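J.: Sequences and hints are given; from them, build the entire structure.
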Amino acid sequence: MSINVGFSQFNIKNYHDLSDEYKDKSLIDSNKKYIRLPYNEGELKIKNTLDFSSQQKDSSAIAISLKHLCQFYGIHRKTDSLIKYKQIIDKTYFQYLPCRQQYFYRCNISYYYYNSSKFDKSMKLTKEAIELADKCKFSPSDAYQILIGLYRLSGDIQTAKNTLLKHSQELLNQEIVDSVDVHYAYNNLSILYADLGQLDSAIFFVNESLNYKEGFDSYVFLLDAYIKTNKSRFKIDSLFSVINEKAKTTIARPIELLNYYFISSEYYISIKDSIKAKRYANKAINLSVERNENFNIYKAYLLLIKVEMNENFNLVDSLTKYQQLNLSKEAATEIRELKVKYDLQEKEKSISILNTKVKEGEIQALKIRSYIIYGIIAVVLGLFLFLFLLKKRREKTLKRIEDLRNKALKAQMNPHFFFNVLNSINNFIVKNDKEKAQKFLTSFSKLMRLTLENSQEEYITIEQEKNFLEHYLLLEQLRTKNFDFKIEVESHINETLIPSFLIQPLVENSIIHGFRNINYRGELTINFTKQHNKIKILVKDNGVGKDQSVVVNKTHKSFATKILKDRIKIYQGKVIDNSLPNKGTSIAIILPIKE
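In my numbering, the protein residues as written are 809 to 1403.
In case anyone wonders, no lab produced these hints; they're calculated from the structure.
Hints should not be assumed to be uniformly reliable.
The calculated label-pair distances, taken between Cβ atoms and stated as ranges, are [as the list claims (entries may be wrong)]:
(1) Asp1081 / Ala1055: 15 to 25 Å
(2) Ser1082 / Lys1244: 50 to 60 Å
(3) Ser1299 / Glu1243: 50 to 60 Å
The structure displayed is predicted, hence computed values, not measured ones.
Glycine included, C-beta positions come from ideal geometry on N, C-alpha and C.
T.: The structure is reproduced here in structure tokens:
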């Protein structure tokens, strides 16, 4: 009876009469097939082999099954499960793994850490894997692939080159030369020489690799070298044709296809062929998503953003596509930063246009406003620079990078709001109403200080949010003069934490749309209450209501409101709209209390 069937159906006869070598090989072959299965099916089958091995009290089989579970969870990005079984192996079963499986175990965990940007841990495990391969007398080519990638990420290309040259010589000195290993080693040398700008050497080693194996990847590396050495468009297009023909007849590894897509998209961006650049970027996205490789998803989306920024497209389209994929949040950080940078540029243009409209007779007032406006720009740019430098210092930790993304999104305020407030303060100055000018200038400065302080925190207290809203609404009253407001907070929840800048978009909608064309006094109420283990925030106004607001503002599209809804989903909250037709609006936000 087949050992593979036995492992899956628990009906192996005379199991203990089989040789250890035969049992281990059969188990490895079985689990390799299971790793390629969909998540639920693959997990069940590998766990079945683990249960069977445990029943037989076979430590080697248990160790092998645990190793394959770790590999399986690494592929599917199930961190908690991977760490759980890794700890079991490290504590009890590592010694029972055959030497080659110990090596592959180290490589698998190292590659998981590499793809999770935990490069120090990846480097440590990779070096341990190479030592194991040397001890067990086989080629550590897989480990060297990871090692070279780590050196490249650190910028130490020279060390990577020297390491790989030594490894290549070791491969050639073996009694039986493994042509596949030499092929990949030469391809990697081609990449490193290209990184060093020694492009003739890069082309030389690509051609050398073709002497050992005519692989799809060699032609891709040759394409990269041709592009970097500025070969003629004719030669590059001819090589593209060769590669596309190879793709039809050769089964290329996913990593080789990804490299091809990245190189092709970058090239077509450089020659401003947006259609082809976007086509290859989307291919890279689809393949990276299929393989659950967040780092490559991130790289592919950056390419797509480059294309769309060059075409002056709306970046929101790409961000929406990313969110629809339901991927992990870490890979979107730099894309969000590009979005913030783009918005800052647009705000600066708006402020510059508004400044040119100021009358010549208001020179003194213009100076005051200019100082304040330029100060605001400096603060916003300084905040952006601070967030960027903070990201670099925090060991590139993906969770904290996500925090910076949220903070950058919070730092958005309409430049028209700033201008209108400053214009109102200027009117008080012109009218020599010093008391009101001082009052509202003080409130404006406090609002800016709160904006800067709160933008550095993902969560703030309800008391802090109340203070921010009071200053914001006071300034809006100065501008519109047609509404009153009231903020009520249950006393025992003042120090409860909520996400910062959560309420302002709803309040802004009430003022801009609800109170715009009313012929009576507007009333805005904001209530913070606790209901069981949740916080309820109710924003209510007596404006024209949703139906009339849609008629009056039918062309308005609130990007801030969309961000608000997306953030509430992230924080596992919900929005309840209790508004009645033509009777104002009543919106409730329900959030779990942060522990």
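J.: Look at each hint and say if it fits the structure.
T.: Hint check results:
Between Asp1081 and Ala1055 the C-beta distance comes to about 19 Å, which sits within the given range of 15 to 25 Å. Between Ser1082 and Lys1244 the Cβ separation comes to about 53 Å, which falls inside the hinted range of 50 to 60 Å. A C-beta distance of roughly 32 Å is found between Ser1299 and Glu1243, which places it outside the suggested range of 50 to 60 Å.
In summary, the structure is inconsistent with hint 3 from the numbered list given earlier, while agreeing with all the others.
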